[in-house]
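Trainee: Chain by chain, the residues run as shown.
Number of protein chains: 2
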Amino acid sequence: MRDTLEQARTRYVDAGGVRFGYRRLGPETGIPLVLLQHFTGTIDAWDPAVVNALAADRPVIAFNNAGVGTTSGETPDTIERQAADAEAFIVALGLEEIDLLGFSLGGFLAQVMAARGTLAVRRLILTGTAPRGGEEHLLEVVAAAFARKARDVRLPLFFTPSDASQVAGEAFIDRAGLRREDRDPDRGDAVSNPQAQAIIRWCAETDPDYGTLRAIRQPTLIVHGSDDTMFPPINAYDMSRRMSDATLIIYPDSGHGALFQYPATFVSHARIFLDA
Amino acid sequence: MRDTLEQARTRYVDAGGVRFGYRRLGPETGIPLVLLQHFTGTIDAWDPAVVNALAADRPVIAFNNAGVGTTSGETPDTIERQAADAEAFIVALGLEEIDLLGFSLGGFLAQVMAARGTLAVRRLILTGTAPRGGEEHLLEVVAAAFARKARDVRLPLFFTPSDASQVAGEAFIDRAGLRREDRDPDRGDAVSNPQAQAIIRWCAETDPDYGTLRAIRQPTLIVHGSDDTMFPPINAYDMSRRMSDATLIIYPDSGHGALFQYPATFVSHARIFLDA
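From first to last, the protein sequence lines are chains A and B.
231 is the number that UniProt numbering gives to position 231 of the first sequence; each next residue is one higher, with no gaps.
261 is the number that UniProt numbering gives to position 261 of the second sequence; each next residue is one higher, with no gaps.
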């Protein structure tokens, strides 16, 4: 029986003075899909329903970037340096060609990594993210979500107020809590401060010629929630217009965590794209 | 062995003084998917690769609306009356609940039929289409396509100028030509004139409160080409924003006939949606 996200042992690899915590799932062979996580998220913040299903037919690697969760070092306050840390981790694993799935902040890293081509990135999935210079409402949305005092801040943050979305959100929170032991520690402000700075800077930059998007030649799947309040869906539409080979999918009645609201549909769409 | 679009016998049913030509494919049971065709198109203008694959696990019905191809009567010059003809045909077949796939002009009919609820429409796929009051460039684009004097006018009309899109277009033209005998006749101006009037009127109307879109409560899948010149993709994005339960998919490097450029991907996406 194969490992699952919630039961797999966290492994470690050293790169550039940082000890990276990661979990590797799925078959030994095939092009690995490397997951790039959202603001403040650790490996445990991924949805087992998404990750385990993706790992049914390809290697999937979830990791904590520098300074996050089980990984040593410091979290840099720029996307470029966070992307360099992720690249160092991938090189340390000896991976020659990879697919990337970047969610939110992770989608910024994925764009930089695909555009600069330090590594051989084959295909790219970008979800709940924005281009350089895109529209973000991080601080307002996070503040409003915490003010709601929900069971879990991700219920207002990742899902819409509709009954259907909140029910799906509760199920996601339950799944993400399945791992009881050896959970990734929360490093608090040491992660959230530099990550927030990096996000706000990325969206405050201007990229009038869409240089980053135009440099991405890899086939890309963009998945977004219709009612993502942190990074409104116009970001996704605009990105798809500027990229050379992007498929755009927007799910109904869904927020920032659209991929966790519709895990089976998302996995089907991801698989069709990755196997095309 | 089951019938295929290109080999099935054209059958007939009478409704309201019109004798409708149609072909029915796939299993006997299940909710039928009724196909609503584009400007000047007959049953033979559908892509066998799309229709036969959709019919692998559901009944699929392609038909010629009043005045088109093998169907008697006159083509009305409004979307509402064309939709009424389609409804009369579906009632005559005795279908109690249906899914609709509307392409271009057929997507206008599908919107009207779903919104007014004369029939029990369960789910809706809209491709290469526009909302009431949407942006259309029908006459310019058709005129420019004919001026290209291509092997088939659908090569410039439905596909982008890229090599990949044109190669896919040639393959589609070949597939759509597989049927040698008993092909649907082309009725010329008697169809194209009233259909063009209906299309232009639909897009010239104003619907400031998006009444038609808001009246559609059915789950809807919107599929559009990134470079559809006849109905630009902003139509699809806008429709998805105004509908209560719409999933939007936009394919890269594709024109008005995006569903024929990526038949396997389109069928996979349609199946995931219809089976959800």
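Treat the hints with care, since some could be wrong.
Computed far set for chain B versus chain A, every beta-carbon distance over 10 Å [stated by the list, open to error]:
| # | residue |
| --- | --- |
| 1 | Lys149 |
| 2 | Gly211 |
| 3 | Pro219 |
| 4 | Arg241 |
| 5 | Asp245 |
| 6 | Ala246 |
| 7 | Pro252 |
| 8 | Asp253 |
| 9 | Ala276 |
Estimated spans, in silico, between C-beta atoms of each pair [stated by the list, open to error]:
| # | chain 1 | residue 1 | chain 2 | residue 2 | range |
| --- | --- | --- | --- | --- | --- |
| 10 | A | Asp3 | B | Ala56 | 29 to 37 Å |
| 11 | A | Arg151 | B | Arg116 | 38 to 46 Å |
| 12 | A | Glu28 | B | Ala56 | 29 to 37 Å |
Calculated from the structure, these hints are not laboratory results.
Note that beta-carbon positions come from the ideal geometry of N, C-alpha and C, so glycine has one too.
Trainee: What are the numbers of the hints the structure violates, in ascending order?
Mentor: 3, 4, 5, 6, 7, 8 and 9
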